[in-house]
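Visitor: If you're matching them up, the sequences are chains Y and A in order.
So the first sequence is numbered by this note's numbering: it starts at 803 and just counts up by one.
So the second sequence is numbered by this note's numbering: it starts at 803 and just counts up by one.
Where hints are given, some of them may not hold.
[Claimed, not checked] Sample of chain A residues at the chain Y side, in silico, Cβ under 10 Å:
{"hint": "1", "residue": "Arg-831"}
{"hint": "2", "residue": "Gly-834"}
{"hint": "3", "residue": "Phe-836"}
{"hint": "4", "residue": "Ala-862"}
{"hint": "5", "residue": "Asp-903"}
{"hint": "6", "residue": "Ala-951"}
{"hint": "7", "residue": "Gln-973"}
{"hint": "8", "residue": "Ile-1018"}
[Claimed, not checked] Quick look at which bits of chain A chain Y covers, simulated, 3 or more residues with Cβ under 8 Å:
{"hint": "9", "segment": "890-898"}
{"hint": "10", "segment": "962-969"}
{"hint": "11", "segment": "1026-1039"}
Because the hints were derived from the structure by calculation, they are not lab data.
Cβ coordinates follow ideal geometry from the N, Cα and C atoms, glycine included.
Letter by letter, the chains look like this.
Number of protein chains: 2
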Amino acid sequence: MATNDVWINGDWLPAATAALPVSDLSIQRGYGIFDFFKLIAGKPLFLDDHLDRFYRSAAAIHLAPGIDRPALKTVVDEMIGRNELGDAGIKLTLTGGASPDGYSLARPTLIIHSMPLQLERTMSSGMTLITDRHQRQMPAVKTIDYLRAIWLQPTIKNAGADDVLYFQDEQVTECPRANFFIVTTNGEVQTPKSNILAGVTRKKLLEGVVTGYTPIEKDFPLSSVFDAAEAFITSTTKMIRPVVAIDGKPIGNGQPGPVTTAMATQLYELVYGH
Amino acid sequence: MATNDVWINGDWLPAATAALPVSDLSIQRGYGIFDFFKLIAGKPLFLDDHLDRFYRSAAAIHLAPGIDRPALKTVVDEMIGRNELGDAGIKLTLTGGASPDGYSLARPTLIIHSMPLQLERTMSSGMTLITDRHQRQMPAVKTIDYLRAIWLQPTIKNAGADDVLYFQDEQVTECPRANFFIVTTNGEVQTPKSNILAGVTRKKLLEGVVTGYTPIEKDFPLSSVFDAAEAFITSTTKMIRPVVAIDGKPIGNGQPGPVTTAMATQLYELVYGH
């Protein structure tokens, strides 16, 4: 059986003993950032995009990762070998570190750990969302602040929904762990431009990796979502997943739409096709 | 030398080895609440008020502490004896717990740890603040979310200030770890009513423990602060501390005022006098 070692500030530890002192600023003050990428048969997908964002997030909240990009890639390679990773995810978490007074910024703690992932190689069935009026703080930074999202778990479950869509001042923004897109009735693919985390899958779509369906960044209100022909989300793990109902109301005809399906088909072929 | 043991979900551990697995939802998702009270010569101050708030905060974010109030008090008593605590602080931190997928709510983790405190038995000198447009999420709940406050540390330091005062929609709310009060030019003591954490020292003042100067709860804009005769903050560790300047502008005559001083004198006598 493969090991499941975790790397913390230079040390390799078995997952069962990988731990942070209670004085760490993540535990004391919720202070940290992270990034997450997937491996397909042991090969990282879009690694440089994730590392770009990781270093950007770290700088944005005054945390020095203490390791440069080549050295970090070497650790990732070592983890892939050591843990015999195939289809898997790797998470980089950078926290404020062990703080003697539990408040002042300390030497940051970098944790690198891996997990098995059941990769979805074809588009999943349609999902349903509920809406919630909320704006993530520091939206452009991939912080560990999921207070609202975790708090909403029972609400989502009680509604029989799969996830939540945030909006604020009537503008739609994002899901807690995914970007949001609509397809208008005239076939335009739109994704919110402001107050969101720029996901890597979203970035790839905006760069035009899916021929014929390049989205545009544009803020839109909730009413536009209910007038849309289709809706979907994107994320590293979900890739493209159709959204068929929000707050119990169907989007379009309440089924995964043709544009979503065509985009997903191209994207899955691009990522898994070879 | 006294031990410094930490209690985690029923186990006593030396502080040096007290740690949470990296899968804990505090580390993964910033999910948790806490409370903090002080001991004067080994005696907890306002313990029931802090425990009231602790259990309220826990319920508000769907976390069961797994221990009832009498049992929790017994642990606190045991910690006081075991760690030979005199003037000290005790912090109760309740997190989302070790989550197999790093996202779903798990069995909560309760950490109880103590720290020495240099108690201030007389009013400190005046402090200075900067302002920041921010609204804490779930303000009535004492969550571990201090993302904004920790992020502002370099800004506060660069400004030569001691702390930050939050405001939103032009209404003043609070400091990250303290409540905020003004004394108007006609002698009324006011503290914001909405979108704040109800501090225990604030509660005591509102209950009238300081004769002749019972504050009223009232929301006010930043402009009222600059028109005020005096300003001060309250917290468990700071008790009452005068605020003499905000954003580089003096409050009143830029010195601790007579109402603040009179209130502090009574409060320190009440807490430390016997």
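Visitor: Does each hint fit the structure? Answer for all of them.
Guide: Status of each hint after checking the structure:
Because the beta carbon of Arg-831(A) sits about 4 Å from the nearest beta carbon in chain Y, less than 10 Å, this interface hint is met. Look at Gly-834(A): its Cβ gets to within about 7 Å of chain Y, closer than 10 Å, so that hint holds up. For Phe-836(A), the interface hint holds, the least distance from its beta-carbon to any beta-carbon of chain Y being 8 Å, beneath 10 Å. Because the beta carbon of Ala-862(A) sits about 9 Å from the nearest beta carbon in chain Y, less than 10 Å, this interface hint is met.
Because the beta carbon of Asp-903(A) sits about 8 Å from the nearest beta carbon in chain Y, less than 10 Å, this interface hint is met. Using the Cβ-Cβ criterion of 10 Å, the hint placing Ala-951(A) at the interface with chain Y is satisfied: the shortest such distance is roughly 7 Å. At its closest, the beta carbon of Gln-973(A) sits 17 Å from a beta carbon of chain Y; the interface hint therefore is violated under the 10 Å criterion. Annotation: Ile-1018(A) was flagged as interfacial toward chain Y, and the flag is violated, the nearest CB pair being 30 Å apart, outside 10 Å.
Judged by the Cβ-Cβ criterion of 8 Å, the segment 890-898 of chain A is covered by chain Y as claimed, because 4 of its residues qualify and three suffice. Proximity of the segment 962-969 of chain A to chain Y, defined as three or more residues with a beta carbon under 8 Å from a beta carbon of that chain, is not established by the 0 residues found. Counting residues of the segment 1026-1039 of chain A whose C-beta lies closer than 8 Å to any C-beta of chain Y gives 0; at least three are required, and the coverage claim is violated.
Checked against the numbered hints above, the structure violates hints 7, 8, 10, 11; every other hint is satisfied.
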